[in-house]
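Asks: These protein sequences, in sequence, are chains Z and W. Position 144 (the first sequence) corresponds to 662 in the working numbering; numbering is contiguous. Position 66 (the second sequence) corresponds to 1111 in the working numbering; numbering is contiguous.
Bear in mind the hints are in silico, worked out from the structure with no lab data behind them. No residue lacks a Cβ here, since even glycine has one placed at the ideal position from N, Cα and C. Everything hinted at is true.
Selected chain W positions facing chain Z (Cβ under 10 Å, derived; list incomplete):
#1 1118
#2 1145
#3 1152
#4 1174
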Amino acid sequence: MRVVIADDQVLLRAGLVELLTVAGFDVVGQAGNADELLALVRTTLPDVAVIDIRMPPTHTLEGLRAAQAIRAEYGSCVGILLLSQHVESQYARELLTDDAGGVGYLLKDRILDPGELADAVRRVGDGGSVIDPVVIQGLLQRRTSRPLSTLTPRERDVLAGMAEGRSNQAIAAQLYISDKTVEACTGRIFAKLDLHPGPDDHRRVRAVLTYLEEARSVP
Amino acid sequence: MHDVALLEDPGLVNAVVAAVRLTIDNDQLQAEIVDQLAEVAASRSRIMAAGDAERHRIERDLHDGAQQRLVTIALRLRLAENRLGADGDPHIRAVLDDAAHDLAEAINELRDLARGIHPAVLTEFGLGTALQALVNRSPLPVDLDLQLDDDPPRAVAATAYFAVSEALANIVKHADAHAVTVRAVTVAGTIHIEVADDGCGGADTNSGSGLRGIADRVATVGGTLRLDSPVGGGTRFELELPCAL
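With the rest of the complex left out, here is chain Z (with noise of 0.2 Å):
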């Protein structure tokens, strides 16, 4: 997989390079900037673009604007890893406008988990979404809705799971749970919080946050 990292801090840059390259990564650039980062994306055509959300000049919302322009040439083709220090999911929503998957957003302490990191670069690269566990903790660790606290201690974890962007699968793979249990407790989370299940993984984070997000107390 080709994989191109944007961090105007160097030392960090090459240590991610270094990082991904053991993971088995084809790591075919770095850019320092959003400029140099879309005339690389341009260039290369990767698989993959680790962006981080902060970058000169200004160290606010560079990174996540060069990952729209990138998102709005490109589509899902090229996925988008952004790295950020804000555990406040409205950052992330901004990567999730589109129904198409392929995008991610991770703590940028992640990257010192470096199984963790390859991971969610692999899976934005098929096409999958990752959003970070923190965000999605935060969600659920209010006393929310009731629908909410309807839930069974399995079916929160699965339905953080599926927060996460992770399949059914790979859920079942975590919990040390068949895959048939992990379906069935979706199934029963649909219901109970009246949602509609998406076609697929990406369009079901959508879900869910959305509804993580709106959910409110009921008198």
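Let chain Z serve as the given structure and place chain W on it in line with the hints.
Replies: Below, chain W alone, put in the same frame as chain Z:
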């Protein structure tokens, strides 16, 4: 134009002259006081703006400086671990792994600290999204009603954000509430904010330094703050902030 009778009573003339002089002096004093008050208000809002700018700068420094460096260092520890290879000394591997974990925790703490100082989401996405993020983080269920127009000036947005943040934190800490509502509506250039809970009430603006600080901020941007918190009857926190400074 005068009355002849006055000539016979110089005392009266003098008294009138003194009274008129006093009024003129009073007017002058009052004008001076009004000027001084305006200056104090202006300097107060400059101090607040400077404080906010400084908080923003510190947040960015923490984010782009310390936090990035810690991530980079932790990443290098991971690389060292990788380079040890499969037959490397397990003790060294354990030390590297522990160090990387500790750093990850430090990074988390730093992130919370930076957000408390000045939330990036407020600068980057505006008041509505920042309030949504606050509500998302609240451990209590919060019903949020957002009907905000364009983003207000920075000082007003920060005041609104910190006020709601403080109100929610107080509810979590003291109110023993089950239901919380946050409403933020712009009407005719004024933002009306209401944070209400069904908890034990009894809050007042003088009890905690947090609420007093908020009251100061609100006054500085020319807004009003009302707190209605009868013991046993829940708390209603109302805020009006003019958007034009």
